[in-house]
Amino acid sequence: MTDGTRNLVLVHGAWHGPWCWELFVPELESRGWAVSAVDLPSTWGDPAAGMRDDARAVRDHLAAIDGPVTVLAHSYGGVPATEAAGPAVERIIYLAAHMLAEGESVITPLGGPWFPADADFAPGPDPEQALYPDVPDDWTRKAVGLLRPQSAKAFTEELTRASWRTIPSALVVCDDDLSLPGLFVDRAIAQGMADVVRHLPGGHSPFLSRPAELAELVGEVTAALPVVG
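For the record, in the sequence shown the residue sitting at position 57 is 57 according to full-length UniProt numbering, with numbers rising by one throughout.
By construction, these hints were calculated from the structure, which means they are not laboratory data. Some clues are possibly wrong.
What the hints assert, rightly or not - Simulated crosslink set (SDA-like; lysine to any residue; CA at most 20 Å straight-line):
hint, residue 1, residue 2
1, Lys142, Leu23
2, Lys142, Pro26
3, Lys142, Trp44
4, Lys142, Pro211
5, Lys142, Ala130
6, Lys142, Glu128
7, Lys142, Pro125
8, Lys142, Arg161
9, Lys142, Val25
10, Lys142, Gly17
11, Lys142, Trp19
12, Lys142, Ser179
13, Lys142, Pro127
14, Lys142, Pro123
15, Lys142, Gln129
16, Lys142, Asp39
17, Lys142, Gly124
18, Lys142, Ala223
19, Lys142, Glu22
Unchecked claim - Ranges between beta-carbon positions, derived for each pair:
hint, residue 1, residue 2, range
20, Arg187, Asp66, 32 to 42 Å
21, Pro18, Ala48, 16 to 26 Å
22, Asp176, Gly86, 30 to 40 Å
23, Gly45, Thr166, 28 to 38 Å
24, Asp138, Glu104, 34 to 44 Å
25, Leu183, Ala34, 31 to 41 Å
26, Thr5, Leu178, 32 to 42 Å
27, Gly124, Trp19, 17 to 27 Å
28, Ala224, Asp175, 12 to 22 Å
29, Gly45, Ala224, 37 to 47 Å
30, Asp186, Ala224, 13 to 23 Å
31, Asp39, Arg141, 14 to 24 Å
32, Asp137, Asp186, 24 to 34 Å
33, Pro201, Arg31, 15 to 25 Å
Here the structure is a predicted model, which is why all the values come from computation and not from measurement. Beta carbons are placed, not taken as given, at the ideal position from N, Cα and C, and that holds for glycine.
Starting from the given sequences, assemble the full structure and let the hints guide the process.
Below is the structure:
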């Protein structure tokens, strides 16, 4: 990249939107990143929107950026990021995120589906504890109020490609995560899906609970990942 710009694209998880990065983006920008965020259609309230629509949104967003990109994907966002990441993506950081193989969907390792294909999912009966157990109270209240329905189709559409096979990738594990089932983390590590694995203390949403610490980790992880070519 000739001008020294470091592009970072953020892909949010289920029920969320670009609002979730509000505390995180300034920390990244202060460390020299040019940051932008994708808004995934599967959280817009349309049950017909699925993972492939989300992947298309990620792909279109990446195509509009001049120069190489690092992608940071949170939770479910790891799935469309895996589907969409192409040659311009230098690295993928999976933040408490699903790392899946070709032919898998979110519910494949869990033995599903067990719900109607046209369903919308609410974020569960206790999102405060599942998603934000260590987030300050004011932001927890704000975040819960901003959560949106999530289409079930996003969890059932299968990957056609697994870009972590060819793009250097890191997995950031949140040690007290109550949202991402541990089997996804365990098998990603056991199968060597990630080139680099790092741990953060705390729950599922460190972009709200410890944004400065997460931004520092992003810099450390990108430096640790191998360079292709």
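Quick rundown of the hints versus the structure:
1. A distance of roughly 13 Å separates the Cα atoms of lysine 142 and leucine 23; the hinted pair therefore holds under the 20 Å criterion.
2. As the CA atoms of lysine 142 and proline 26 are separated by approximately 18 Å, the hinted pair is consistent with the 20 Å bound.
3. Restraint check: the Cα-Cα separation between lysine 142 and tryptophan 44 comes to about 18 Å, which is no more than 20 Å; the hinted pair holds.
4. For a cut-off of 20 Å, the pair hint linking lysine 142 to proline 211 stands: about 16 Å separates their Cα positions.
5. At roughly 15 Å between alpha-carbon atoms, lysine 142 and alanine 130 fall within 20 Å of each other, so this suggested pair holds.
6. Taking the CA atoms of lysine 142 and glutamate 128, the gap is about 11 Å. The hint holds against a cut of 20 Å.
7. Distance restraint check for lysine 142 and proline 125: the Cα-Cα separation of roughly 17 Å lies within the 20 Å cut-off, and the hinted pair is therefore satisfied.
8. Between lysine 142 and arginine 161, the direct Cα distance comes to roughly 36 Å. Violation of the 20 Å bound is thereby established for this hinted pair.
9. Of the pairs offered as hints, the one joining lysine 142 and valine 25 holds, with about 17 Å between alpha carbons and a cut-off of 20 Å not exceeded.
10. Of the pairs offered as hints, the one joining lysine 142 and glycine 17 holds, with about 13 Å between alpha carbons and a cut-off of 20 Å not exceeded.
11. This hinted pair checks out: lysine 142 and tryptophan 19 have alpha carbons roughly 10 Å apart, not beyond 20 Å.
12. Restraint check: the Cα-Cα separation between lysine 142 and serine 179 comes to about 19 Å, which is no more than 20 Å; the hinted pair holds.
13. Only pairs whose Cα atoms come within 20 Å are accepted, and lysine 142 paired with proline 127 is accepted, the gap being roughly 12 Å.
14. Between lysine 142 and proline 123 the alpha-carbon distance is near 15 Å, which keeps this suggested pair within the 20 Å criterion.
15. Distance restraint check for lysine 142 and glutamine 129: the Cα-Cα separation of roughly 14 Å lies within the 20 Å cut-off, and the hinted pair is therefore satisfied.
16. Only pairs whose Cα atoms come within 20 Å are accepted, and lysine 142 paired with aspartate 39 is accepted, the gap being roughly 18 Å.
17. Annotation: proposed proximity of lysine 142 to glycine 124 holds, straight-line Cα distance about 16 Å (limit 20 Å).
18. Restraint check: the Cα-Cα separation between lysine 142 and alanine 223 comes to about 34 Å, which exceeds 20 Å; the hinted pair is violated.
19. Distance restraint check for lysine 142 and glutamate 22: the Cα-Cα separation of roughly 12 Å lies within the 20 Å cut-off, and the hinted pair is therefore satisfied.
20. Between arginine 187 and aspartate 66 the C-beta distance comes to about 36 Å, which sits within the given range of 32 to 42 Å.
21. Between proline 18 and alanine 48 the beta carbons are some 22 Å apart, a value that agrees with the proposed interval 16 to 26 Å.
22. Look at aspartate 176 against glycine 86: about 34 Å separates their beta carbons, and that is inside 30 to 40 Å.
23. Between glycine 45 and threonine 166 the Cβ separation comes to about 34 Å, which falls inside the hinted range of 28 to 38 Å.
24. A beta carbon spacing of about 38 Å between aspartate 138 and glutamate 104 agrees with the range 34 to 44 Å that was offered as a hint.
25. For the hinted restraint 31 to 41 Å between leucine 183 and alanine 34, the CB-CB distance of approximately 35 Å keeps it satisfied.
26. Threonine 5 and leucine 178 have their C-beta atoms about 37 Å apart, which keeps the hinted 32 to 42 Å range intact.
27. As the Cβ distance of glycine 124 to tryptophan 19 is approximately 19 Å, the hint placing it in 17 to 27 Å holds.
28. About 19 Å separates the C-beta atoms of alanine 224 and aspartate 175, a value consistent with the hinted range of 12 to 22 Å.
29. Checked against the given bound of 37 to 47 Å, the beta carbons of glycine 45 and alanine 224, roughly 39 Å apart, stay inside it.
30. One distance hint, 13 to 23 Å for the beta-carbon pair aspartate 186 and alanine 224, holds here, with the actual separation near 22 Å.
31. Checking the proposed 14 to 24 Å range against aspartate 39 and arginine 141 shows it holds: the Cβ atoms sit about 22 Å from each other.
32. Checking the proposed 24 to 34 Å range against aspartate 137 and aspartate 186 shows it holds: the Cβ atoms sit about 32 Å from each other.
33. In this structure, proline 201 and arginine 31 meet the distance hint of 15 to 25 Å, their C-beta atoms being roughly 20 Å apart.
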